[in-house]
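One point on numbering: in this note's numbering, the residue at position 35 of the sequence shown is 35, and numbering is uninterrupted.
Bear in mind the hints are in silico, worked out from the structure with no lab data behind them. Predicted model, so just to flag it, every value in this text is computed and none were measured. Some hints here could point you the wrong way.
To be verified - Subject to a maximum C-alpha distance of 25 Å in a straight line, what follows is the list of computed DSS-like cross-link-like pairs (lysine-lysine):
1. K58 x K68
2. K92 x K76
3. K98 x K68
4. K76 x K95
Stated by the list, open to error - Label-pair restraints from in silico Cβ distances:
5. M31 x D79: 30 to 36 Å
6. G48 x M71: 31 to 37 Å
7. V93 x M31: 44 to 50 Å
The beta-carbon is built from N, C-alpha and C at its ideal position, and this holds for glycine as well.
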Amino acid sequence: RITQRFDIMLQQGLIEEVETLFNRGDLHAEMPSIRAVGYRQVWAYLAGDYGYDEMREKAIIATAQLAKRQMTWLRKETDCNFIEPNALNTPKVLKNLKILLS
Numbered sequence: 001r002i003t004q005r006f007d008i009m010l011q012q013g014l015i016e017e018v019e020t021l022f023n024r025g026d027l028h029a030e031m032p033s034i035r036a037v038g039y040r041q042v043w044a045y046l047a048g049d050y051g052y053d054e055m056r057e058k059a060i061i062a063t064a065q066l067a068k069r070q071m072t073w074l075r076k077e078t079d080c081n082f083i084e085p086n087a088l089n090t091p092k093v094l095k096n097l098k099i100l101l102s
């Protein structure tokens with residue numbers, strides 16, 4: 001799903017969004033906002049550090065690594081209840097919400 005989501009972001013104008021920031025001239029690659037996953041790789045692509053395919057691959061890998069770190073952190077939380085995001089789980093989601101809100 002990460003690959004699909006990133007490809008959708010590209011289709012919806014991620015490169016153009018980062019290019020607007022890139023062309024401002026007052027921002028640089030080491031700023032925290034530019035170092036965000038996805039932005040960092042597109043910024044490097046716009047700077048000519050690597051081509052489109054490499055940018056896409058690096059962004060997908062970085063996103064997967066971030067997702068893995070997030071899941072590792074969340075698994076340590078004892079109050080987390082993991083539910084797969086699909087329509088078949090709607091009753092389970094509603095049940096858990098009722099418990100949380102009561």
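Quick rundown of the hints versus the structure:
Annotation: proposed proximity of K58 to K68 holds, straight-line Cα distance about 15 Å (limit 25 Å). At roughly 22 Å between alpha-carbon atoms, K92 and K76 fall within 25 Å of each other, so this suggested pair holds. For the proposed pair K98 and K68, the alpha carbon gap of about 29 Å is over 25 Å, so the pair is violated. Taken as a hint, the K76 and K95 pair is honoured in the structure, with Cα atoms around 23 Å apart against an allowance of 25 Å.
In this structure, M31 and D79 meet the distance hint of 30 to 36 Å, their C-beta atoms being roughly 35 Å apart. A hinted range of 31 to 37 Å holds for the C-beta pair G48 and M71, which are about 34 Å apart. The hinted window of 44 to 50 Å between V93 and M31 is violated, with their beta carbons roughly 38 Å apart.
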